Amino acid sequence: MGADEVFDSFPDDQGPRLYNVPVETGPDAKVFVGPCWMDDLCIALSADNGDALISKAQFVTGELLDHCLAHAMTPNLAAGKTELMFSLRGRGARKLRVQLFGPSAPRVLPVLGEYHMHQVRVVQQYTHLGGILHHSGDLRAEIRRRLGIAHAAFTQHRKLLFANKHFPLVRRVELFQSLVLSKLTFGTESWTFSDIKLKSYLHATVMRLYRRLLSQTGDQHLTDDFILSMTGLPSPTELFRVQRLRYLGTLFGCRHLVDWDLLNADGEWVTLLEDDLRWLGYQLLDATHLNPPGTHPKEWLAVAQHHPRYWKRLVRRGVLHAIKQRSREQQLIQFHQGIRDFLHLHGLLPEQPDSFHGLSEDQPQATYGCMFCGCRHKSKGGEGAHQNRAHGWINPVRHLYENTMRQLYEGIPHSYETEGASIALLCVSQPAHWIRITIHAVAR
Amino acid sequence: MEADKEKLHDRLLPPLPVHGPNQEPRPPRDFDGIDWSLHDDCCLAFLDVETEDEAISWVRSRITQHPISWTMCRTTLWQLATTVTEHAQEDALRHLDGSFLSERIKHLADPRSWSFLQTDFERTQEEGRLGQLEAELLRCQVPDDWPPPRCFGKHRIVLHAFSGRRRLGDFQYYLDSFLADHGSGIVVHTVSLDIVVDSVKGDISKPDIRKFWLHGIDEGWIVAFLAGPPCETWSRARAVQCASADRPGPRVIRTADDLWGLAHLRLRELEQIEVGNLLLCFSAEAFLRLVRVGGSATIEHPREPEEPHFASIWKLPLFQLLLLLPGVELHSLSQGFLGAPSCKPTSLLCLNLPGISRAIVKNQVASTMPKGAAIGKTVTGQWATSSLKEYPPALNRALAAQFSQAISAAPLDESVAIADDFLLACKEMTVTKFTEVLGRDFAG
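Protein chains in written order, with the working numbering: chain S, 344 to 787; chain E, 6 to 449.
Just so you know, these hints were derived from the structure itself, not from any lab. Remember, it's a predicted structure, so these values are computed and weren't measured experimentally. Treat the hints loosely; a few may be bogus.
Below are the DSS-like pairs computed for lysine-lysine, each with C-alpha atoms no more than 25 angstroms apart in a straight line [claimed, not checked]:
(1) Lys394(E) with Lys376(E)
(2) Lys667(S) with Lys655(S)
(3) Lys508(S) with Lys211(E)
(4) Lys399(S) with Lys424(S)
(5) Lys508(S) with Lys526(S)
(6) Lys667(S) with Lys211(E)
(7) Lys216(E) with Lys667(S)
(8) Lys432(E) with Lys159(E)
(9) Lys394(E) with Lys367(E)
(10) Lys206(E) with Lys508(S)
(11) Lys667(S) with Lys320(E)
(12) Lys526(S) with Lys424(S)
(13) Lys373(S) with Lys641(S)
(14) Lys211(E) with Lys394(E)
(15) Lys216(E) with Lys508(S)
(16) Lys502(S) with Lys526(S)
(17) Lys641(S) with Lys655(S)
Take these sequences, add in the hints, and give me the full structure.
Here it is as structure tokens:
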């Protein structure tokens, strides 16, 4: 069996295909084996159906292991070392998935070698070069892991560096970029976001990371724009845009080794890159002689290809422009809010007639405090605790528990057999419901 | 069999999952969240009060006199509003507008009505867009008895912001000479607030420094304020292309639609805009605070261009707000009549300087408008507008005459004493030595 029959081959594209602009293609198809780095080998295979794929995987793995043995090398088949991961699609995929990953599945695939049979683990996800590959292409696990690493890095240096008030915020931000953001953004160039929920999750988590840098208490509500303008950091979206745009420059740096067609086949990633270029063009509008990338992508790609330093500078200028424009807007908003508060304080700004419009008793309550002490609390629990400690007030539900509930406690079913659960039940249930329970308790 | 069991246990067991879908989850509630003593006290008080305002202030004061949580207070107020609505037609409450009072009570049940609960709530709203805030400022209404009369101490500070170099015939020169003649027993310190005078206390871009000077105004230590905030980013000269120049001059970075700066700018232009906005905002805020304390002030800036698309600070809602305040007037003049080398149309926003128009006419030194135009560069390579940064002596004389009158006329209150550190800083920034060097336009 020749390499062409085992491995996939792609047309030899000479660059990225953006905005549907055709690219130059070499005469011969290019065989794609897989991403390999030093002694880390990853082989990518595809087939028309699941059974064929499994056979192909068994054949290639067997050949590979035999080659290792022939060269006096013992392959390490332990977990996390040599593993097979199948991404099954199309007809019969469900059945095969049950066969491979079902409750009674052995989770290993027998591979016939020249000397003996090998058992290679079949996994759903695999860590390769510091990134988690999931069989479905889902990046959730990888994103969570990366964010976890960033938060851990922050925690590691928090006391000494990031919460150290002896360093000005500018210096702490610099340290944050080099110690935390570098870990967060490692390998993010290839990330794509399947749904808005994932994107929102990523945004919220990165903003939480930024917020930690400001050392603000948890109950203080800070808008994203405020956090970004205080820290002078790019927004999460901009952060990943910059990564992709820089990566484009890196790809051009080793363009002869890059499988452009494989990248071009990744529609989601190409769409993101097109949007990033559009964003860069918008930020640098009137600041460069380049035409908009949407209509003239070749101009921008030529800069990335032939002027790597200028390309880096352009990307840096683009993100700086976005940061400074946001900071300008935020500065003005804060100033105007201050003026408005001043006018309110001195009775120059009448209460807006419709500002209380639509008030309703059923609106969810988000504010807690003590009217006597004039203090705010984070939660209803905090409010109740303050009332109890400072003013000796006890919630009426506790009196109820002491009297009626003592009898009720013995009679109520198993699922409510704790004090907290009983109180919670009484708080959420309709009066009719708990009266019924009381009757039940008495009847018993 | 199952039916028999069910009959046996009917009404003795809570609903089981097999009986159908769960009920919609209800938010937790307190058994009785109403403070009936507060409720009854308020109801009784409404019988005695004469107006709704009196009723509301009574409720406010009653709430803060006894320990009560915000949660219970809110529920009680809603109950009180319902009670008032139900009994509005009864004779005992006839003297009050029941529906109006009920609405006012509901307003009290909103956290926005309580300053200590506000901070968090206000930030949670995605309010604060610049356009909304600017529109809100224009709703300013000045009560008849505002501002309250204010007195100043023996030592009075005149803050001359962006004063530039000390020179013969400048504002301070004339002010000192007028006040020396007056001999009213007050001591006036003219502070040259400029980064070229003091790089620390004169650097208004620092929040602490701004706070320092604004605090002086609030305390009544600063009696007058004169500022000509940099107009380089507003100048209409930017729209004129110089035919002789080998490289293009500065371009327009603000328009009537984008008064705070265009959305696409070069990084240096953005920095310029940011500094320009900051200095202008400081001037406006100092002016506003002086309105409250009854001081005198002038902000000088180029007159609003006739072309509607050009930017001008007089188009900003912030300055339109200042014009709504008592004692504020906008005057226009041509500095050419006062000795400037070109026409230089200028507007002066004056506070409590009623005779400024007469003083300007009185100090006029030319009967015809000068023909020169300050556009492009001079033969020495300097921007032609640089020479116009300094006011002509006749204008300084007119301003100083008016300021000296206003400062001397302010009543003396011996109890107002300036803090030592503030007075020391002011004395250090009172420049007496004349210099030749002009500061740069954009020190950023």
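For this session: With a cut-off of 25 angstroms on the C-alpha distance, tell me whether Lys216(E) and Lys508(S) pass.
Result: holds (21 angstroms)
For this session: Given the hint that Lys502(S) pairs with Lys526(S), test it: the Cα-Cα distance must not exceed 25 angstroms.
Result: Since the Cα atoms of Lys502(S) and Lys526(S) sit roughly 19 angstroms apart, the hinted pair holds (cutoff 25 angstroms).
Exercise. Are the Cα atoms of Lys399(S) and Lys424(S) separated by 25 angstroms or less?
Worked result: holds (20 angstroms)
For this session: For the pair supplied as a hint, Lys216(E) and Lys667(S), confirm whether the alpha-carbon distance does not exceed 25 angstroms.
Result: holds (23 angstroms)
Problem set entry | Restraint check for Lys373(S) with Lys641(S), where alpha carbons must lie at most 25 angstroms apart | Holds, because 24 angstroms separates the two Cα atoms, which is no more than 25 angstroms.
Exercise. Does Lys394(E) lie within 25 angstroms of Lys211(E) when you go C-alpha to C-alpha?
Worked result: holds (23 angstroms)
Problem set entry | Lys508(S) paired with Lys211(E) [C-alpha distance capped at 25 angstroms] | Satisfied, since the Cα-Cα distance of roughly 18 angstroms is no more than 25 angstroms.
For this session: Below or equal to 25 angstroms on CA atoms is what counts here, so check Lys641(S) against Lys655(S).
Result: The hint holds at about 17 angstroms.
Exercise. Regarding the pair Lys394(E) and Lys376(E), is the alpha-carbon distance no greater than 25 angstroms?
Worked result: Distance ~18 angstroms between Lys394(E) and Lys376(E) Cα, so the pair holds.
Exercise. Does the alpha-carbon distance linking Lys667(S) and Lys211(E) stay inside the 25 angstroms limit?
Worked result: holds (17 angstroms)
For this session: Decide if the proposed pair is consistent with the structure: Lys394(E) and Lys367(E), CA atoms, cutoff 25 angstroms inclusive.
Result: Since the Cα atoms of Lys394(E) and Lys367(E) sit roughly 22 angstroms apart, the hinted pair holds (cutoff 25 angstroms).
For this session: Would you check the hint for Lys206(E) and Lys508(S), treating anything up to 25 angstroms between C-alpha atoms as holding?
Result: holds (23 angstroms)
The earlier numbered hints are all upheld by this structure, with none contradicted.
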